[in-house]
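Visitor: Listed here are the chains, written in short residue letters.
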Amino acid sequence: MSIYTFWPMLKKELREQYRTYRLFIAMIVFLLLGISAPIVTWLTPDLLKSLGNGVTIILPPQTATDALNAYLKNMVQLPALALILLAMGAIADERSRGTAVTILTKPVPRSIFVLAKFLAYELTLILSIVLAAAGAFYYTGQLFRPLPIGPFLTLNVALLAFLTLTLALTILSSTLVRSTIAAGGLAFLGFIVLVVLPDLNATIGQALPSALFRTGRVTQLLAGTASFVDTWQPVLIGFGLAILLIALACLIYRYQEI
Amino acid sequence: MACPGEAIIHCVSLRKTYGSVEALKGLNLTVYPHSIFGLLGPNGAGKSTTIKLLTRQIMPSGGQAWVAGAPITGHGADVRARIGYLSEQPSFYTWMSGQEFLDFTGELFGLSPTMRRRRRDELLELVGLADAGKRKIGGYSNGMRQRLGIAQALVNHPEVVFLDEPISALDPIGRKEILELLQQLKSETTVFFSSHVLADVDRICDAVAVLNQGELLAQASTAELKERYARPVITVELESDAENLRGLLAREPWVQHIAVSGTRASILVSDLAIAKRALPACLVNANLPLLRYEVALPTLEDVFIRLVGKEPDSVRSGAGETP
Chain A
1 MSIYTFWPML KKELREQYRT YRLFIAMIVF LLLGISAPIV TWLTPDLLKS
51 LGNGVTIILP PQTATDALNA YLKNMVQLPA LALILLAMGA IADERSRGTA
101 VTILTKPVPR SIFVLAKFLA YELTLILSIV LAAAGAFYYT GQLFRPLPIG
151 PFLTLNVALL AFLTLTLALT ILSSTLVRST IAAGGLAFLG FIVLVVLPDL
201 NATIGQALPS ALFRTGRVTQ LLAGTASFVD TWQPVLIGFG LAILLIALAC
251 LIYRYQEI
Chain B
1 MACPGEAIIH CVSLRKTYGS VEALKGLNLT VYPHSIFGLL GPNGAGKSTT
51 IKLLTRQIMP SGGQAWVAGA PITGHGADVR ARIGYLSEQP SFYTWMSGQE
101 FLDFTGELFG LSPTMRRRRR DELLELVGLA DAGKRKIGGY SNGMRQRLGI
151 AQALVNHPEV VFLDEPISAL DPIGRKEILE LLQQLKSETT VFFSSHVLAD
201 VDRICDAVAV LNQGELLAQA STAELKERYA RPVITVELES DAENLRGLLA
251 REPWVQHIAV SGTRASILVS DLAIAKRALP ACLVNANLPL LRYEVALPTL
301 EDVFIRLVGK EPDSVRSGAG ETP
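These protein sequence lines map, in sequence, to chains A and B. With this note's numbering, the residue at position 128 of the first sequence is 128, and numbering never jumps. With this note's numbering, the residue at position 34 of the second sequence is 34, and numbering never jumps.
For the record, the hints were derived by calculation from the structure and aren't laboratory data. Please read all numbers here as calculations on a predicted model, not as lab measurements. Just so you know, not all the hints are guaranteed correct.
[What the hints assert, rightly or not] Quick list of in silico lysine to any residue cross-link-like pairs, SDA-like style, CA-CA up to 20 Å:
1. A:Lys11 x B:Thr94
2. B:Lys134 x A:Glu257
3. B:Lys25 x A:Glu257
4. A:Lys73 x B:Thr94
5. A:Lys11 x B:Leu111
6. A:Lys11 x B:Lys25
[Said to hold, decoys possible] Quick look at which bits of chain A chain B covers, simulated, 3 or more residues with Cβ under 8 Å:
7. 96-103
8. 106-112
9. 164-170
[What the hints assert, rightly or not] If you want the ones that stay clear, here's a sample from chain B, every Cβ over 12 Å from chain A, calculated:
10. Ser87
11. Met96
12. Asp103
13. Gly106
14. Ile274
Backbone N, C-alpha and C fix where the C-beta goes; we use that ideal spot for every residue, glycine too.
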C-alpha cells in the first residue's frame with residue numbers, strides 16, 4: 001500500500017482549501033459568528049428598548065454566561081451548515097468531474113484519498129473554531145467579564161467534536177452519491193437527525209456532544225460542578241462516531257467503481 | 001496462472017456485466033511490449049470498459065488480466081505504479097498550473113523533488129506546453145488539456161500507457177503532433193489506445209483489436225487484418241452510364257459486388273490478380289470508353305465495415321478526416 005502518497009494528497013487538499021477560498025470562507029463565517037454572540041448579547045437590552053414602542057420590557061442584566069450560551073447556539077447551527085456546503089462536494093464532485101479517475105489510476109489508495117480530504121477539512125475546522133473562540137473570548141471579556149478558561153476550552157472541544165461529526169457525516173454522504181447536491185441533502189438530513197435525536201431520546205441526548213451545550217450543563221461547567229465523565233464522555237463519543245463514519249466512507253469508497 | 005512471459009497485457013476470458021447488460025463478453029487479448037496497440041469499435045463496443053478494467057478503475061465480473069506482469073485483481077504489487085492513463089475527457093484541478101499538476105503527479109509516484117522538476121519540464125516540452133506551464137489549467141483549451149493529460153500519463157516512465165480516445169478532442173495539427181509523439185513513445189513504452197478515428201489508427205498502430213457489443217471480433221497486426229478482411233475494390237469511371245457494367249460483369253466469378261453511382265462503379269473483387277487482367281479486357285470487348293481506373297488499397301476502415309457490419313462513427317460524423 002502506497003502510504004507515502006498521504007502527504008502529497010494532504011498537501012494538495014490544503015492548497016485546494018487555500019486557493020479555492022474555502023479556508024477563508026470558513027474562517028470569516030466562524031469568526032463573525034464567534035464575535036457576534038457577545039456583542040449581540042450586550043446590545044440586546046438596548047435593541048429591545050428601541051423596538052419596544054413604549055412597552056417596557058424588563059430583562060435581567062445580561063452576563064458573560066448569556067454571551068457564552070449565545071456563542072454556543074450560534075456555533076452549532078450556522079457553522080454546521082457552512083461546513084456541509086463547503087465539504088459536500090469533497091468526493092462526489094471529484095467523481096462527477098472525473099478528477100478522481102485521474103488520481104486513483106495512480107498508486108493512491110482510496111482510503112488515503114478520503115482521509116486526506118477529511119483531515120484537510122478538519123484542519124480548516126480547527127483553525128476556524130480557534131478564531132471564533134478567540135473572538136468570542138476577547139469580546140466577552142471586554143463587554144462583560146473574562147470567561148473561565150478551562151470550561152470555555154472544554155466547551156470548544158465539545159463544539160469541535162460536534163462539528164467533526166457533522167463533517168464526517170458530510171464526507172460519508174459525499175462518498176455515497178455522485179451528485180454534490182444530493183450529497184449535501186443527505187448530509188443535511190443526517191445533521192437534522194443529529195440535532196433532533198437528543199430531544200427524542202434522553203439517553204442518546206446525554207451521549208452526544210450537543211448535551212454539553214444545554215444551559216444547565218454550561219452553568220454546571222462554569223461553576224465547576226460538572227462530573228468528569230458527564231463532560232468528556234459525549235466528547236469522546238462524538239470523535240469516536242466521526243472516526244467510525246470516516247472508516248465506513250473509506251470502506252464504501254474502496255469497493256466503488258469510479 | 002501468470003502472464004505469459006513476453007506479453008505486456010494479457011486478458012483471459014475477461015468479463016464485465018452491469019446488471020443484465022454484458023459490457024464485455026470474455027475478452028481474450030495479448031499485447032506485446034513496445035508496440036502501439038489500437039482498440040477499435042463503435043460506441044458501446046466495450047473499449048472504455050476494457051481500459052477501465054485494465055487500469056483497475058472497475059473490477060471484472062469474471063476472467064483475469066495481467067498488466068506488466070501483475071494481475072489486475074491482485075492486492076499485492078500495485079500495477080498502477082507502472083502504468084500511465086489518460087481518460088476520454090481528462091479532468092484536472094483547474095486551480096493548479098500545468099507545472100504544479102505534473103509536479104503533484106510526480107509526488108504521487110514517489111519521485112524526488114529534483115527528478116520531478118526535470119521530468120515536469122521534459123514533459124511540458126514534449127507535449128508542446130512549455131510556454132503555458134505556469135498558466136492555470138482552468139484557462140487551458142481542450143487541446144491543451146489533452147496534451148497535459150498525455151504528459152501526466154508519462155510522468156512515471158510507465159511500462160504501458162493507456163489512452164482512451166486521446167486524439168478525439170484535438171484539431172488536425174494537434175492530432176498529427178500527438179500521433180507523431182505516440183510513435184516516438186514506442187521505443188520506451190507500450191501504447192494501448194482506443195479510438196474511432198480509423199485513419200489515425202491505421203497510420204500508427206502495429207496491431208489492433210476490433211470489439212463490437214462487448215465481443216472481440218478480431219485481433220491481429222494491421223497488415224494481417226487488411227489481408228484477411230479487406231477485400232480489394234476496383235473503381236472505374238466511364239464516359240457513359242456505368243449501369244451497363246452490372247449486366248456485363250454479373251456472371252464473372254471474381255466479382256463479388258458492384259456499386260454504381262452515375263458514371264462511376266466500385267467493384268468488389270474476390271481475386272485481385274484475376275480481376276486486374278479480366279476487367280480491362282471486359283471493358284474493351286464491350287466497347288465502353290474508360291476515363292479512370294483505380295485499384296483501391298485496403299484500409300482499416302474496410303476491415304472495420306466488414307467486421308462490424310457498419311461504418312465507424314468517425315466516418316458517419318465526418319470526424320475521421322486526417323490532415
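Visitor: Among all the numbered hints in the text so far, which are the ones the structure does not match?
Guide: Violated hints: 2, 4, 6, 9, 10, 11, 12, 13; rest satisfied.
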